[in-house]
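The residues making up each chain are set out below.
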Amino acid sequence: MWLFIVSLAMVFATVAIAYVVVRLQLVSEGDWRPPDSPGVPRILILSTILLVGSSGTLWLASRAASRSAAPAAVGRWMLLTVMLVAGFLASQIAAWDQLVEANLSFNSSLYAWLFYILTGIHALHVLGGLGPLVLTTCHAFKGRYQGSPDRRRGLVYCGMYWHFLDVAWVLLYALLLWGMGG
Amino acid sequence: MDNYLTWTKGVASWVFTLDHKRIGVMYLLGVLVSFLVGGIFALIIRTELIAPGQTIIEPETYNIMFTLHGAVMVFLVIIPSIPGSLGNFVLPIMLGAKDVAFPRLNLFSFHLWIIGAVFTVLALLFGGFDTGWTFYTPYSTKTELGGVVPVIFGVFILGFSSIFTGLNFIVTVHKMRPKGMTWFRMPLFLWALYATALIQILATPVLAITLMLVGLERVFQIGIFDPAMGGDPVLFQHFFWFYSHPAVYIMILPAMGIISELISVHSHRHIFGYTFIAYSSVAIAVFSFLVWGHHMFTSGQSALMNTIFSAITFSVAVPSAIKVFNWLATLYKGSIALNTAMLYALGFIFLFTIGGLTGIYLGTLNVDVHLHDTYFVVAHFHYVMMGSALIAFIGGLHHWWPKMFGRMFDETLGRIAFVLVFVGFNVTFFTQFMLGSHGMPRRYYDYQPEFASYHLISTIGSYVMAAGFFLTAAYLLHSLFFGRKAPANPWGGRSLEWQCTSPPPHDNFKVTPSVGDCYDFRAVHWSEEEQGYVVIRDEESANLPPAH
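As they're listed, the protein sequences go chains A and B.
Numbers 1 to 182, taken from the working numbering, label the letters of the first sequence in order.
Numbers 1001 to 1548, taken from the working numbering, label the letters of the second sequence in order.
Honestly, I wouldn't trust all of these hints.
[What the hints assert, rightly or not] Cβ-Cβ distance ranges computed for the label pairs, FRET-style:
| no. | chain 1 | residue 1 | chain 2 | residue 2 | range |
| --- | --- | --- | --- | --- | --- |
| 1 | B | Leu1477 | A | Ala13 | 30 to 36 Å |
| 2 | B | Leu1036 | A | Leu89 | 45 to 51 Å |
| 3 | B | Ser1315 | A | Ala174 | 31 to 37 Å |
| 4 | B | Leu1304 | A | Leu124 | 35 to 41 Å |
| 5 | B | Pro1178 | A | Ala86 | 24 to 30 Å |
| 6 | B | Thr1275 | A | Leu171 | 49 to 55 Å |
[Unchecked claim] Listing some non-contacts, in silico: residues in chain A with all C-beta distances to chain B over 12 Å:
| no. | residue |
| --- | --- |
| 7 | Ser7 |
| 8 | Arg23 |
| 9 | Glu29 |
| 10 | Ser62 |
| 11 | Leu79 |
| 12 | Ala86 |
| 13 | Leu89 |
| 14 | Asp97 |
| 15 | Leu110 |
| 16 | Ala112 |
| 17 | His139 |
| 18 | Lys142 |
| 19 | Gly143 |
| 20 | Gly147 |
| 21 | Gly159 |
| 22 | His163 |
What the hints contain is simulated information worked out from the structure, not anything from laboratory work.
Every residue, glycine too, gets a C-beta built ideally from N, C-alpha and C.
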């Protein structure tokens, strides 16, 4: 699982480096931010809260499981996680919508293009993780994670992936704040 | 007797098998077919270059041909050849395991490989592509040929196949070792595959995402790599080589692993410097990530960067040389059997030394500025990619062929074919060193008359080599139907795969095998009855002092 995470981290690192390189180059050429374009959409603050929250509830779910709480207790935390993640995806779509409204569709400039690429790749990974997350939630309600630590492995792996996406998002968000400011 | 080939019958039992051995055999088939296709492209290129001016094809077709030759050979042949086919087949058996850690993932990665290969072929129907196998921007974003997006998608999928195989091997080596199989009792081939898998997992994602960005850039005509759109083509080169240099070691490390086995088994001699060879595999894997800039000495990097990359490049020579000297020391006082597999191993040492040393030339900054993009580079990487990686694959194929299919091939024809391949190879590519140092640029369709005689010799060499490969195909196919039945241990190997029957039973071992020193050949004796070698364990040989 760690190998998988490291492998994914390489993907995000590549895109982040690409972003930094292109931005520095274009800023030095004075050709980066199109005039009167909005900065980072405000709604991404909400996205951040939602995703960090989902990481938190997932942690609570796995803590509840390790203290051998009732399946319903674990399941409730998981359900909350799924809802928060769905909210995150909705807020991402809203953010893209805002940019399109502001005449910043994805092929108008590199400034916009890179925003869509960065958030898009992340959103795809969130979307891809949603399936297993829902599956894990169902398993939790059925009490699949009761008992020995060995049986909780599915929950643990799910958590690792999710915390990774969370960290990746926070870093990407920081990158965007820096990149789309100035 | 029941074995994995006869375990179940029918096409579906192969296509959806979870047996690592069958998956290995299917990879082998795919790789060999791709090798035939890539080889035909190569012969077309060499025939075109036999004389100056147009010979058989148009310049545009020529561009497509050399691009396809590169892409097919790199992505469909050399990268999957050893890990996918021989690795899949041999790794679990050598380890003493029943299968890899994730058999389903293994099958999935093979299916991905097939899909990727299909997309690469589809690219031809969409008009081909002429970017060179490196997909350099802005060629790849500007060319009018329609095959770029399919092939990029194909390579993207092949990347996933490669990552999953790597993941599987790492977990298998960590989790599936039976009792007694410690890290330092593992055959060196497994160390090599392990180091390779590390690179596959870390480097391949970078290629995948980069190619995806190129594909999007081409479709939407906006992106970060094409200077006309405000992008940076050198950024693409950085990303590309960050994968593709390590990818060179994805190709060569398993080859080195095979050579360690072949040299030791066929000279019946304990491998010299086991730990050095094992660690040097890992060292090469680590270094591989730090040298990508040596492909870009002329791309406008700063002089400081160039110097650093040049220096680190030299350091790769150290672990490589450690291996070569250890192999030579293993041969010393060994009882060398010049079997076909061993001939390929010896050929490898010879060709790899030339390929490696010319790599030092090219890693030297000022020399590279002169030789960059000439035939010298072409000759260098063919010595490493083909002369080393592919020759080791062919050698390994001969070594494990009796194990895989339970039939012996004709040794005499094998040796003749080796001579044809070896001589043909050197005639083809050594000439290209001379072409390159005289200034013949690579990838050119036409050339000055003074290069004509070199090109003619090179083309003749390629025909000789092709004859060798066709002969090999003929006697290997012949052996499948008419070959003598293979004993369990035809070469006198000591690692675990020689302890099960040829071909192995469905679940590899009826009883859990006992693990010993896999390079201790003192207990291995020829048996007339078996027409093969048997391991005789007795108290005396167990109490003898170690060979080194």
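Each hint tested on the structure:
no. : hint                              : result
1   : B:Leu1477 to A:Ala13: 30 to 36 Å  : 47 Å, violated
2   : B:Leu1036 to A:Leu89: 45 to 51 Å  : 47 Å, holds
3   : B:Ser1315 to A:Ala174: 31 to 37 Å : 36 Å, holds
4   : B:Leu1304 to A:Leu124: 35 to 41 Å : 38 Å, holds
5   : B:Pro1178 to A:Ala86: 24 to 30 Å  : 46 Å, violated
6   : B:Thr1275 to A:Leu171: 49 to 55 Å : 40 Å, violated
7   : Ser7                              : 5 Å, violated
8   : Arg23                             : 10 Å, violated
9   : Glu29                             : 8 Å, violated
10  : Ser62                             : 23 Å, holds
11  : Leu79                             : 29 Å, holds
12  : Ala86                             : 26 Å, holds
13  : Leu89                             : 20 Å, holds
14  : Asp97                             : 19 Å, holds
15  : Leu110                            : 5 Å, violated
16  : Ala112                            : 9 Å, violated
17  : His139                            : 19 Å, holds
18  : Lys142                            : 23 Å, holds
19  : Gly143                            : 26 Å, holds
20  : Gly147                            : 22 Å, holds
21  : Gly159                            : 20 Å, holds
22  : His163                            : 19 Å, holds
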